[in-house]
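Engineer: Hey, can you work out the whole structure from these sequences and the hints?
The listed protein sequences derive, respectively, from chains A and B. Just so you know, we're using the working numbering here: the first sequence kicks off at 1 and counts up by one. Just so you know, we're using the working numbering here: the second sequence kicks off at 1 and counts up by one.
Rather than coming from a laboratory, the hints here were simulated on the basis of the structure. There is no bait here: all hints are sound.
Below, in silico cross-link-like pairs of lysine to any residue (SDA-like), each with a Cα-Cα straight-line distance of 20 Å or less:
(1) K203/A / G40/B
(2) K91/B / W199/A
(3) K91/B / G16/A
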Amino acid sequence: MNGRRIRSYFVAFAKGYIRNPIGLFFTLIFPIILILIFGAVFANAGSSVVPLYVENLDHDSPASVAFLSALNDTGAVQVYVISPTAGNLSAYLAKNSETAGLLIPDGFESALVAKTPVDVVVFTNPAAASQAGIVIGAVQGVESAFNLKEAGGSVVVSSSYLNVGSRIFTYIDYLIPGLIGFSILTSPMFSMVNISSTWKRDKLFRQLSLTPLTRAEWLTAAMIWYVLLAIVAALVMIFVGRTVFGAHVSVVPWMFPFLVAGPVLFVSVGLLAGSVSKTPETAAVIGNVILFPMMFLSGTFFPVSGFPQYLQTVAHVLPLYYVIDGLNDGILFGNSVGALRDLVIVLIVAAVLFAAAVSVFSWRED
Amino acid sequence: MTAAVVVKNLVKTYGAVRAVDGIDFTIETGEVFAFLGPNGAGKTTTVEILEGIRPSTSGEVSVLGKDPWKDARQLQQRIGVIPQDFHFFPKLKPREAIDLYSGLFGVPSRATELLDRVELPDKDEALFENLSGGQKQKLGLALALVNDPQLCFLDEPTTGLDPRARRAIWAVIRGLKAEGRTVFLTTHYLEEAQLLADRIAIINLGHIIAAGTPKDIIQRYGRPERLQIVGDPAMVEPLRRQVGLPVEVQDGSVSVELHAKGDALKVLSWVDSSGYRYSSFSTAQDTLEDVFIRLVGASDHSAMDIAPEGDAA
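Structural biologist: The following block contains the structure:
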């Protein structure tokens with residue numbers, strides 16, 4: 001390793017990158033566009049109230065009305081009572097594309113009085129998992145209160161509701177660490193996929209192999225550049241998130257280890273993908289095959305904890321998950337232990353992939 | 001003189017294809033050595049083995065006393081290379097490219113001097129991707145000289161260039177020789193080799209089929225000098241009887257092989273007095289190109305006899 005050579009090559013590499021508008025667009029502008037789009041679309045996601053359509057077959061008995069009123073008071077759902085003559089509730093929901101319904105059976109009040117079990121039926125749409133969760137939670141809460149009251153007990157334990165981290169988080173707060181992770185993935189990986197395949201075709205590696213620059217020096221210079229880009233992109237995204245959407249995110253020391261280790265990891269992934277491809281076209285396809293699952297399953301746009309179990313299992317295999325989880329731990333939750341655990345995983349994966357990439361990637365010909 | 005390059009029984013195979021099939025040659029220090037051959041003859045494979053970017057299959061190779069594959073890093077400091085179809089980073093300007101190379105080689109940048117030397121205008125706005133083919137090659141040549149090399153490998157440096165750019169590159173090559181550097185030049189322009197090279201080797205189908213100075217090769221493999229008379233073809237028979245030399249009709253004119261100094265005079269005085277109509281005459285000698293085409297043609301045929309698939313290599 002020779003500092004002078006790394007510096008010389010770094011300067012040339014940075015110039016090449018800056019003079020290519022497409023690369024800069026994907027590094028700096030594209031994540032901002034994503035913040036603006038997703039931020040605008042989900043601006044109210046944190047405070048939305050789920051509409052709950054109710055068919056009351058208990059003839060508006062005082063108990064059933066009290067039950068619905070208690071549901072409304074949770075603030076989580078907005079009750080809309082539909083006429084029992086409107087027909088089958090499930091069909092009504094489907095016909096009107098509504099996601100949640102509640103059926104109060106005939107004899108609800110008499111069952112309460114008689115203290116015999118009675119079921120209310122909750123309809124939810126599995127495709128709207130988070131809304132289903134809200135509805136079920138609200139109904140169960142009201143049921144417990146009713147059961148307790150009817151059983152003659154008094155409330156001993158209750159809970160008040162706060163969001164995790166004892167701060168109120170909006171969607172944009174989750175989105176920004178996710179998009180920082182996303183930019184850590186995309187620009188180093190796609191640049192490397194592109195470089196390692198097209199430079200081979202254009203014989204630029206052969207050209208470099210005629211100079212004293214070593215592969216390790218070449219990679220080091222490139223990685224320094226991508227680390228700098230990742231830091232700049234992260235700062236810009238935090239700035240935009242705060243100023244445009246009032247996001248509760250700030251620059252914390254814990255994000256920097258990920259801004260260094262992340263690009264190292266994804267430079268290696270890109271180099272591997274590019275090295276095993278015969279043509280730039282194949283390389284681009286492999287790059288996309290790697291990108292898409294990582295983009296959607298690693299918690300970039302939606303928290304992984306909201307995924308079904310099997311998808312969570314998949315997410316835990318993807319390296320980007322640990323980058324984003326670590327950024328969340330650092331930026332949102334101030335959870336150093338969690339961030340450190342994620343960082344260790346990222347470093348181990350980065351070291352393994354880096355070694356693999358260096359061994360697969362060759363400058364000289366056969 | 002010590003040899004700059006020694007190659008003994010060099011073989012390079014790709015699967016079943018023998019791209020280079022047991023060649024030997026030596027390049028003396030300070031000479032311009034031209035390596036000629038049709039496309040696919042094994043020129044570039046040989047050069048790349050000498051440059052240390054491709055391993056050989058077998059045989060001995062010594063470049064400035066080193067094994068180019070094993071000692072590539074030491075050799076890099078002493079050799080300069082323009083690869084075939086030279087490419088560079090598209091977004092760099094020529095001066096920046098030279099600065100980069102100087103930084104990598106750890107030498108002070110002589111960008112102005114080198115750009116002057118290859119007659120590349122020092123235009124600040126021109127990125128590599130916007131340079132013409134000739135300007136790109138000139139930059140390649142400048143880069144090859146950054147480390148002040150003892151030995152330069154120029155792999156088809158003028159292919160596809162216009163005559164002016166080609167002449168500019170020839171001037172640089174002559175300058176290299178004048179400074180005592182050794183030049184290994186591959187080309188398929190025969191006139192280029194004839195003009196620049198001290199010695200030539202012709203390679204075809206992985207074999208060297210002729211080697212020596214351009215003059216030697218023409219003398220050894222070329223046909224004798226000829227007198228060509230543009231005139232009545234009916235003179236062929238009487239002329240042959242009269243002067244006792246091979247006479248034939250070639251490209252519409254009467255062609256007489258000259259074997260001795262006075263032959264031309266003898267032929268002309270007979271034609272003049274014979275009454276056969278003629279308009280002009282000239283003497284002709286085989287060029288390197290004539291020899292090259294005949295040699296390559298002949299070796300293609302003999303190779304075809306032995307191995308019908310050989311010419312695909």
